[in-house]
Structure formats: C-alpha cells, structure tokens
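Below, each chain spelled out in residue letters.
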Amino acid sequence: MRVSAVLIAAALLLSAGCAQHEPRGSGDLGVIVERSAGRLQVVDTTRQKSIGAIAGLGDLSHASVVYSRDGRYAYVFGRDGGLTKVDLLRLRIERRIVQSGNSIGGAISQDGKLVAAANYTPGGVRVFDAETLEMLADIPATYGDGGQRAKVVGLEDAAGSRFAFSLFEAGEIWVADLSVPRAPKIQKFRNIGRQPYDALITLDGRYYLAGLFGEDGVAMLDLWHPERGVKRVLDGYGKGEQPLPVFKMPHLEGWAMAGHLAFLPAVGRHEVLVVDTITWREAGRIAVAGQPVFVMAQPDGRRIWVNFALPHNDTVQVIDTETRNIVHTLKPGRAVLHMEFTARGESVWISARDDNRVTVYDTATFERKAELAAEQPSGIFFTVRALRFGF
Amino acid sequence: MRGTRVLWPGVALACVLGLAIADEPAPARQAELVRLVRQDCGSCHGLTLKGGLGPPLVAAALADKPAEYLRYTILYGRPGTPMPPWRAFLTETDAEWIATRLLEGFPDAR
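The listed protein sequences correspond, in order, to chains A and B.
Following the numbering used here, the numbering of the first sequence begins with 1 at its first residue and continues without gaps.
Following the numbering used here, the numbering of the second sequence begins with 1 at its first residue and continues without gaps.
Since the hints were derived computationally from the structure, they do not count as laboratory data.
Fair warning: there could be bad hints in the mix.
[As the list claims (entries may be wrong)] With a cut-off of at most 25 Å between alpha-carbon atoms, the simulated PhoX-like pairs for lysine-lysine come out as follows:
| # | chain 1 | residue 1 | chain 2 | residue 2 |
| --- | --- | --- | --- | --- |
| 1 | A | 248 | A | 331 |
| 2 | B | 50 | A | 248 |
| 3 | A | 331 | A | 369 |
| 4 | A | 85 | B | 50 |
| 5 | A | 231 | A | 188 |
| 6 | A | 188 | A | 113 |
[Unchecked claim] Non-contacting residues of chain A with respect to chain B, defined by C-beta distances greater than 12 Å in every case (computed):
| # | residue |
| --- | --- |
| 7 | 22 |
| 8 | 70 |
| 9 | 111 |
| 10 | 148 |
| 11 | 206 |
| 12 | 224 |
| 13 | 259 |
| 14 | 287 |
| 15 | 299 |
[Stated by the list, open to error] One side of the interface only, derived from the structure: several residues of chain A facing chain B at Cβ under 8 Å:
| # | residue |
| --- | --- |
| 16 | 36 |
| 17 | 79 |
| 18 | 213 |
| 19 | 245 |
| 20 | 310 |
From the three backbone atoms N, C-alpha and C, an ideal C-beta is built for every residue, glycine too.
Between the sequences and the hints, there should be enough to build the whole structure, so can you do that?
Given below as structure tokens:
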C-alpha cells in the first residue's frame, strides 16, 4: 500500500517533470511589457495567448527589448537603468543588473555577443557581455569642453560589432567599433543637426538615420562609407509652417519601408512623410488622423500601420502603400502605445494602455482574432527581432 | 460678544475651505490628472517622474521652482525644448493643482 502510493507519487512527479521539459522552439514567442507592474507577459503568437509572466523588472516605463540570436533570452532595458536577461523558455530572470540611473533602450551586436545600453543618466553607452552581463566598455557621451554629458538616443546595431547612436543635446552621431570590446574605437560626427531624438538603421544595416526634433530634417550616415560624413535628408520638410505641439515623441525604430519608399512620422504635423530611398528625397506626404508616433510597415510592405500621440491615441490608421490612401481606421482602445507584427505579418498585436488589453488583428481582414488582458501594456516585442538589424 | 468672537474665525475658516474646494478639480478629474501626469507626462519624465528626455519632476528636483513657474510651463510649454504646451488638455485650475502636487511629491495612481 505504502509502496504503491510512493510509486504513484514518483510516477506523477516524473510525468510532471517530463511535461515541464517538453522541448519547444522560441521562434513564435514574444513579450508584452506591463509598464507600471514591472512585469513581462510571455506570449505564444501561434496560439495567440499568454504562457506566463515574469515580474521584478523594475521601472518599465519606456522599456524596450532585444533578443539573443536563438530567440531564447530577452534583454530588457528599463527606465531605471535596469538591464534584465530573461529566459522565455523557463519563464524566469536569468540575470539582472542596474547599469545606470536612467536608460532609454539598447541594442545587441551582429554576432549576438555584446549588449549595449543607451543611457540618459549618466549620458553615454555601456556595453555588456551578452552571456554574463559583465560590463566591458563604458563610453561617456561627453561634448563641448568635455565637462557636459549628453543623453544618448537612437542606439542601433551595425555590421561588424559596431553600434551607432546620437547625442541629444550635442547634436552628434557616434559610431563605436567594439571589435575589441574592452577598447572601443569611436568615430564622431559633429553638427549633424539640432536635438536628434531617435534613430533607425535600414534593414540591410547600411543607413543610419537620426530624426531631428530641433529642426525639420533627418541626418543620414551611410555606414558603408562613413568617410563621406553625415548628410541631411528631407531638409526643411515643414517649409516654414508652424509645427504643432508634440505631445509624444515619434519613434523611428520599426520604421516602414515598402519597395524603395520609406514612410516616416512627421514631427509636429498630422502627416506621414514618404521618402524615396534611392534619391533620399521627399516623395510625398499622407494626411493622417493625428501626430504619428509609430509608422510601421507590415512585413510584406503592402500596408503601413500608424498610431498617434494625444489626443488621437485611441486610433490606428492603415495606409495602402500602392495608392497611399488610408484604407482602414481602427479604434483598438484608449492609449494605443505599440504595434508588433508576427514574422510574416498575418497578424498584428496592438497594446491599449488605458484599457488594459492587447488586441490581435488579422492584417488581411482587420478582424479581431484575440484579446489578451494585460496591466497597462506598452511595448510588444516578438523574438523575430533577434534576426534583424535595428530591432 | 463672546459668541461672535468664536463665530468669526469659524466663518473665515469656512470661507477659506469653500474657496479651496471651489478652486480644486473635482475628485474624478484629480484621478484623471494623476493618470495623465504619471502616464503621459511620464513618457518623457518617467513613470516615477525621476526624469527621462525631460528633467526629473520629483519634489526634491523642483525645490527651487515656484508653483507659478511650473503652472506656466505646464500650460505654455518651453519653446526650444520638447516640452509642449498642455493648455488644450488642461484648465488653469488643473495646471495649478498639478504644480502644487508636484511640489509636494506627486501622488501615485489609484
């Protein structure tokens, strides 16, 4: 009797253990940031549901995430300077450090070995071993006479263990080469324009573009030819019009590219800018419902999805890239903060902070496919980012 | 005589209280304002208001700033910086209430 009970218990334990260790891939996983709770939900994008939560990540306002190249580990950059390495398969924190006083985001190197964090306080970039989170390099963003430090924005990974980033107060773009991680080589580009606020790198890793807040225009660096210096594109796109107040900074990461056209948020205008990436000249503008925050292309490039700053932050508009017409307007909830496409774009996940939910839409029919409860959700990040430059 | 002496301060106090109440946003509006500051101002100043692209708005960081300066900055923005004017969303009373709360240490949501 007693023996059989023990046996049954052992068998149960064993089967539970087996179920727990059922191997699975990570290619269709992702995370939803619950900003106020300091928590991530791990989601399965195939089953369109949450598979667990990981708490204890600190202040996640404006948190962003990059992935290890096997898509198993998420590196989470918190506002409070926290850098947390999270294991999506075991649903636990692998390592966590507080690397600065105030951070805005980060990037992972081409080879996946280095994780870099962009910091506001103290202004600069810190580079860590992706495996251990040991700090390998500290790059202070000093400018002027050297006594001041700028806030770093738009940190992007470039080919060859390089990271490109912009200095907000200084109006500079720096490219750090970390081929020898403990001895970074830094190339500085000065006078690139006033107040770069965010940046992007093209999908091929060639062009680094920094949006300027202090003037109408975008600063562009060709990373194949850094010796040619930073050029100004879309110069004076406002053409002297009085810009509207900006209630939320646009984001450039996850920008939209369709064929040879790029679609960018206009700063202080209810417009999406269309840019020809062969000539890097403005190719048009599309009037939209409000000030765009994210302008994102479906992976097939056929449609562009746009969300907006206050007071239009309950709206998402969809633009057809062939006709440049708005083909659909959605109301996913109050305070739409982010959108994320699955790898091949059959669905898009949209967070509505003030309605505490993430809605999954079919991108072909705009039908709601699923709804997930989440506490004040902000960013949504799928593991497919692991395989791309600039995500 | 004695009665009036007691009475007058009482009336004065009631007037002051009445004024204070009339000059504050209604409780439901206050809750909205707390959310606005934490969440939307928080996109630049941080959810904890310890700063981001915008400067910190915790009480210690604002110690040398008069309430009037904060109220004005909230309503009219700071040209040359990313701080926009919020007067399309906020009344004078709202802005004054936010400025006063910021100086005291801003309340948490809920």
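Comparing the hints with the structure gives:
no. : hint          : in the structure
1   : A:248 - A:331 : holds, 19 Å
2   : B:50 - A:248  : holds, 18 Å
3   : A:331 - A:369 : holds, 15 Å
4   : A:85 - B:50   : holds, 24 Å
5   : A:231 - A:188 : holds, 14 Å
6   : A:188 - A:113 : holds, 24 Å
7   : 22            : holds, 37 Å
8   : 70            : holds, 31 Å
9   : 111           : holds, 31 Å
10  : 148           : holds, 15 Å
11  : 206           : holds, 27 Å
12  : 224           : holds, 31 Å
13  : 259           : holds, 32 Å
14  : 287           : holds, 20 Å
15  : 299           : holds, 27 Å
16  : 36            : holds, 6 Å
17  : 79            : holds, 5 Å
18  : 213           : holds, 6 Å
19  : 245           : holds, 3 Å
20  : 310           : holds, 6 Å
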